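Undergrad: Single-letter residue listing:
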Amino acid sequence: EAGVTQFPSHSVIEKGQTVTLRCDPISGHDNLYWYRRVMGKEIKFLLHFVKESKQDESGMPNNRFLAERTGGTYSTLKVQPAELEDSGVYFCASSQGPGLGLGQYFGPGTRLTVT
Amino acid sequence: QKEVEQDPGPLSVPEGAIVSLNCTYSNSAFQYFMWYRQYSRKGPELLMYTYSSGNKEDGRFTAQVDKSSKYISLFIRDSQPSDSATYLCATFFSGGYNKLIFGAGTRLAVHP
Numbered sequence: 001e002a003g004v005t006q007f008p009s010h011s012v013i014e015k016g017q018t019v020t021l022r023c024d025p026i027s028g029h030d031n032l033y034w035y036r037r038v039m040g041k042e043i044k045f046l047l048h049f050v051k052e053s054k055q056d057e058s059g060m061p062n063n064r065f066l067a068e069r070t071g072g073t074y075s076t077l078k079v080q081p082a083e084l085e086d087s088g089v090y091f092c093a094s095s096q097g098p099g100l101g102l103g104q105y106f107g108p109g110t111r112l113t114v115t
Numbered sequence: 001q002k003e004v005e006q007d008p009g010p011l012s013v014p015e016g017a018i019v020s021l022n023c024t025y026s027n028s029a030f031q032y033f034m035w036y037r038q039y040s041r042k043g044p045e046l047l048m049y050t051y052s053s054g055n056k057e058d059g060r061f062t063a064q065v066d067k068s069s070k071y072i073s074l075f076i077r078d079s080q081p082s083d084s085a086t087y088l089c090a091t092f093f094s095g096g097y098n099k100l101i102f103g104a105g106t107r108l109a110v111h112p
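Sequence order for the protein chains is U and F.
Heads up: the first sequence begins at 1 in the working numbering, then just goes up one per residue.
Heads up: the second sequence begins at 1 in the working numbering, then just goes up one per residue.
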């Protein structure tokens, strides 16, 4: 069974540009999470989808970040316009059902560098 | 105050050593405590979890929670070079939406 996949693995963009990160969860996993780790800090929650609905987006830093999950399958996270402080590693995780905080499977992450 | 505090290290030990990794947490409502292992360029992978207080053992790994002191520990016996990774403690509010709350992670290097 394929794990959580993320694309691209690494993205380098200039300040002010737009970047879109993609996450493909494990097949059948209705719950999809985005997390971010900025340099020297802990991994922090961004948002949580249940199927195509945003269940919790309390961790989204500001309105430059837009997450979507059309059709309840893969998800995209768009940063527009990117700022220097957006640099970090963006992780996606998925789980099979609600109440399964123990069962979140993580992707390898997308390393975003904003110059 | 951070909800979960973890010393980022790095920690360097010789092969065969016993490793002790630790975290503290601030909210007594936390009940589940996890340890994730993250290899370079990979995502975190769940290693072990405990519920409430007590110990849990899995091979060379033992997870321990002391709720009275809000202290979480992971012990690695007979450490191997393949254990070299970043270890992250984590928790979440059960009954909520299960967003994980991580410590900063401790980078461990086990040298032959």
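None of these hints come from the bench; they were simulated from the model.
Note that the structure is predicted; figures quoted are calculated from it, not measured.
Mixed in with the good hints there might be a few duds.
To be verified - Below, a list of computed lysine to aspartate or glutamate pairs in the DMTMM-like style, where the Cα atoms sit at most 25 angstroms apart:
no., chain 1, residue 1, chain 2, residue 2
1, U, Lys51, F, Glu45
2, F, Lys67, F, Glu15
3, U, Lys41, F, Glu45
4, U, Lys41, F, Asp7
5, F, Lys42, U, Glu85
6, F, Lys42, U, Glu68
7, F, Lys42, U, Asp30
8, F, Lys2, U, Asp30
9, U, Lys41, F, Asp58
10, F, Lys2, U, Glu52
11, U, Lys41, F, Asp83
12, U, Lys44, F, Glu5
13, U, Lys41, F, Glu3
14, F, Lys2, U, Glu14
To be verified - Derived coverage of chain U by chain F (criterion: at least 3 residues anywhere in the stretch with Cβ under 8 angstroms from a Cβ of chain F; other residues may be distant):
no., stretch
15, 41 to 51
16, 106 to 115
Cβ coordinates follow ideal geometry from the N, Cα and C atoms, glycine included.
Undergrad: Compare the structure with each hint and give your call.
TA: Results for each hint:
1. Pair hint U/Lys51 plus F/Glu45 holds up; C-alpha atoms about 23 angstroms apart against a cutoff of 25 angstroms.
2. Between F/Lys67 and F/Glu15 the alpha-carbon distance is near 31 angstroms, which puts this suggested pair outside the 25 angstroms criterion.
3. Note on U/Lys41 and F/Glu45: the hinted pairing holds, with a Cα-Cα distance of about 18 angstroms set against a maximum of 25 angstroms.
4. Between U/Lys41 and F/Asp7, the direct Cα distance comes to roughly 11 angstroms. Compliance with the 25 angstroms bound is thereby established for this hinted pair.
5. Among the hinted pairs, F/Lys42 with U/Glu85 is consistent with the structure: their alpha-carbon atoms are about 22 angstroms apart, no more than 25 angstroms.
6. Restraint check for F/Lys42 and U/Glu68: satisfied, since their Cα atoms lie roughly 24 angstroms apart, inside the 25 angstroms limit.
7. Between F/Lys42 and U/Asp30 the alpha-carbon distance is near 22 angstroms, which keeps this suggested pair within the 25 angstroms criterion.
8. The suggested pairing of F/Lys2 with U/Asp30 is violated, with an alpha-carbon distance near 30 angstroms, which exceeds 25 angstroms.
9. Among the hinted pairs, U/Lys41 with F/Asp58 is inconsistent with the structure: their alpha-carbon atoms are about 29 angstroms apart, more than 25 angstroms.
10. Distance check on the hinted pair: F/Lys2 and U/Glu52 sit about 31 angstroms apart at the alpha-carbon level, beyond 25 angstroms; violated.
11. Under the criterion of a C-alpha separation no larger than 25 angstroms, the hint pairing U/Lys41 with F/Asp83 is consistent with the structure, at around 22 angstroms.
12. With a C-alpha separation of about 13 angstroms, the suggested pair U/Lys44 and F/Glu5 falls inside the 25 angstroms cut-off, and the hint holds.
13. Proposed proximity of U/Lys41 and F/Glu3 is supported: the alpha carbons are some 13 angstroms apart, at most 25 angstroms.
14. Note on F/Lys2 and U/Glu14: the hinted pairing is violated, with a Cα-Cα distance of about 32 angstroms set against a maximum of 25 angstroms.
15. Beta-carbon proximity to chain F at under 8 angstroms applies to 6 residues in the stretch 41 to 51 of chain U; the threshold of 3 is reached and the given coverage holds.
16. Evaluation of the coverage hint for the stretch 106 to 115 of chain U: fulfilled, as 4 residues show C-beta separations to chain F shorter than 8 angstroms, against a requirement of three.
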